[in-house]
Every structure is written in structure tokens, then in C-alpha cells.
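A.B. asks: This is what each chain is made of:
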Amino acid sequence: MMILLYIIFAVIVGLLFHGIHRKVIARIQTRPGPPIWQEFLHVMKFSFKQTWIPKTASKVLFVAIVPAVIAIWAGALYVLFTGGSLLVIFGVYLLHKITEHGLGLSSGSPYGKLGAIRSVLSAASEIPLIASIAGIYFVTGSLMISDIVAYQADHGILLITALPIALAMYVIILSKVPYSPFGIIEAKEIVSGNKTEHFGAFRAGLEVGFALKTFVLLAVFVTLFIGAMPFWMLLIASLILLLTMSFICALTPMLSPYDAVTIQIGVIIIVIIYMAFIAFAGGMP
Amino acid sequence: MIRKETEKKISKDQAKAAALISAIICITASALAFTGHINGWLGAGIVVVAFPVFVLSLFTALRESTKDGDYPFVGY
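Residue numbers (the numbering used here), protein chains in the order written: chain A, 1 to 285; chain B, 286 to 361.
Honestly, the hints are just simulated from the structure, not real lab data.
Predicted model, so just to flag it, every value in this text is computed and none were measured.
Any given hint might turn out to be false.
[To be verified] Derived DSS-like pairs: lysine-lysine, alpha-carbon spacing no greater than 27 Å straight-line:
{"id": "1", "chain 1": "A", "residue 1": "K45", "chain 2": "B", "residue 2": "K297"}
{"id": "2", "chain 1": "A", "residue 1": "K23", "chain 2": "A", "residue 2": "K113"}
{"id": "3", "chain 1": "A", "residue 1": "K49", "chain 2": "B", "residue 2": "K301"}
{"id": "4", "chain 1": "A", "residue 1": "K59", "chain 2": "B", "residue 2": "K301"}
{"id": "5", "chain 1": "A", "residue 1": "K176", "chain 2": "A", "residue 2": "K23"}
{"id": "6", "chain 1": "A", "residue 1": "K113", "chain 2": "A", "residue 2": "K97"}
{"id": "7", "chain 1": "B", "residue 1": "K301", "chain 2": "A", "residue 2": "K55"}
{"id": "8", "chain 1": "A", "residue 1": "K176", "chain 2": "A", "residue 2": "K45"}
{"id": "9", "chain 1": "B", "residue 1": "K297", "chain 2": "A", "residue 2": "K55"}
{"id": "10", "chain 1": "A", "residue 1": "K59", "chain 2": "A", "residue 2": "K97"}
{"id": "11", "chain 1": "A", "residue 1": "K113", "chain 2": "A", "residue 2": "K55"}
{"id": "12", "chain 1": "B", "residue 1": "K301", "chain 2": "A", "residue 2": "K45"}
{"id": "13", "chain 1": "B", "residue 1": "K297", "chain 2": "A", "residue 2": "K49"}
{"id": "14", "chain 1": "B", "residue 1": "K297", "chain 2": "A", "residue 2": "K59"}
[What the hints assert, rightly or not] Stretch-level coverage of chain A by chain B, calculated; a stretch enters the list once three of its residues show a Cβ under 8 Å from a Cβ in chain B:
{"id": "15", "region": "72-86"}
{"id": "16", "region": "195-204"}
Glycine included, each C-beta is placed from N, C-alpha and C at the ideal position.
Chain A with its partners taken away, still in its complex shape:
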């Protein structure tokens, strides 16, 4: 497999997805919105701009966090396409939380620090992820993505047979797309939150990393809950999934940090009730 080509393709599609996401949100809100290639222009714009490190920054962390974001999601992409372990994807997600903290704390900016603190608060979003992964194991008996895909070929897609688990994963991905109601770490009242001081080449690198992240998370959801399909169909399914999120993002205001955490805990309660139901019923319905 030409891993490099897949990574470059995922970056391009991820940036395009971000642009489509913005466009759809704008059209729902009866605004013209930017062109769908706006995120490419953003990356170019940032890379041509001045790049420096603030005096207050922890220099090594400030710089190293950017390649770390790109590297972890590039690794996750490889794990996904080779049908590796879901635990590795979970580990990457946790590492991403650490990079969110690191981004904000490394700059020394009060806005960045506030974004990092909110990132710690929103760590409750890992709870639905744990519930989702535990639920998938409970239902399929394996955490290997290849086994989960094979299970769906025999027993039907998990999106229908294990809807509450899919709902938990959906909330996780929703919390990570731009302009999400759960996106408290980069809310406008704290400028750009944890990304505030990263600009120039660093911000362009971050945009590349976040494009990879969006592509991987959407593809993970489609693979885990719909199953194996041709690559072009995976792209279309990912786009449809993103569009549903665009509607939510367009119609829902930014939640307060405490409301965001409450909803995420509500999701895990639904999953626990569902798993208890399966356990008492003696297997999958």
C-alpha cells in the first residue's frame, strides 16, 4: 500500500470536507459562505505569513506539538486501512487530547491556556468513546477493525443492530469537527482557544493535521458501523456523515462547558443501559 499517497489524499479530502462543512453551515444560516476550497487557501495563506515563536512560549513544545498532531493522525490512518486494532485508534484519540492541552499550554497566552483548560474539562468526551469501544467489543467479541468488518458481513451493519453504540461514537466525532456545539476549546470568546498563538507555518501544519483527523474519524465511523465498501463509497458515506454534523453545527449554539460534559455523560448512560439490556436478553437482538 502506498501509505504516502493515502496520507496526501486524506489531507486533500479532509481539507475539502472542512470547506464543504463551512459552506453547508453558511447556506443553512442563509449566508453565501466561503468557497469549498477555502481551507486550501487558508493553508496557503498561513504558510506565506510570518512565522515566529512568542517570547512567553515553551519553545520546544510550541514547535514539536505541530508535527505530533500530523504524525499521530497519519499513524491512525495506516491502522485504519490495514484493519488494525481499534485500541490504537483510541490511543491516538487520547494522544490528540494531550496535543490539545500542549497546544494551549505551550504558548503562554492566557487564551491558549483557557483553551487547554477547557480541553481538560472536555475530556469527558472520552467517556462515550470508552463506552463505544467497550460496546463494540461486547457485541462483536473483537477489537480488530478487520474482525468488526467481518462480523458485519455476517450479522448486518452495526449502525442498525447497535444503534446506541453508534450514537456514542457519533457524539465523539461531532465534538471534534469544526464549529461543533461541543467545540468549547476554540470558542470565539477565547479568540481561537488553544490555537491562538500558533500562526504562520505552524498554523498551516495544524490545519493539515486537523484535516487528517477529520478524515480518519469519519472513515473510522463508516468502517465500524457500516462495514467494508469500495473506497469511493467510503468517501461518499463519510461526506454524508459530515453533512449530518454540518446541520447540527449550523442549528445548535455553542454549549457551555458544563452542558457539553452533561450531554456526553448522558450518552454513556444510554450506552450502559443498552449493554445491560443486551446482557439480560442474552445476546444481540
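Knowing the structure of chain A, use the given hints to seat chain B on it.
C.D. replies: Positioned in the frame of chain A, the structure of chain B alone reads:
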């Protein structure tokens, strides 16, 4: 002043060289993994490390010119 200090550390030429070297590493590792000369996981590991370096160094190489620009015409 801060800007000049930062730019002294990484010149555009150094960034271009880093971008070129990391791109070569990425392409070589990916091709070797594809043809089966090295283990797929090893190839992916090398690409995962080299690709972010390529991205950052490319963007650093693209940054704005360090030369002084023309003074804008301010009128007579």
C-alpha cells in the same frame, strides 16, 4: 527583533533542504514498503515521522520573503 532572531535560526534554504530530504525519505520508505522490501509497519513508521517534517519545512520554506519590500508610494 524577535522575528529576525527566529529567521536567523532557520533560513529559507535550510527549510527547502529539509523539505527535500524528508520528501525523499517519505517516497523511498513508502515505495520500499509497497514493493515488499521492508516491512509495511516499518515503512509506515518512517513515513509517519518524516511526513510532518516535510509539511512543516515546506511551509517554512514558502514563508514570506526576508528581503525588504518596496516602500509604498505615499504621495507627494
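A.B. asks: Starting from the hint list further up, note which numbers the structure goes against and sort them upward.
C.D. replies: Hint check: 2 fails alone, others pass.
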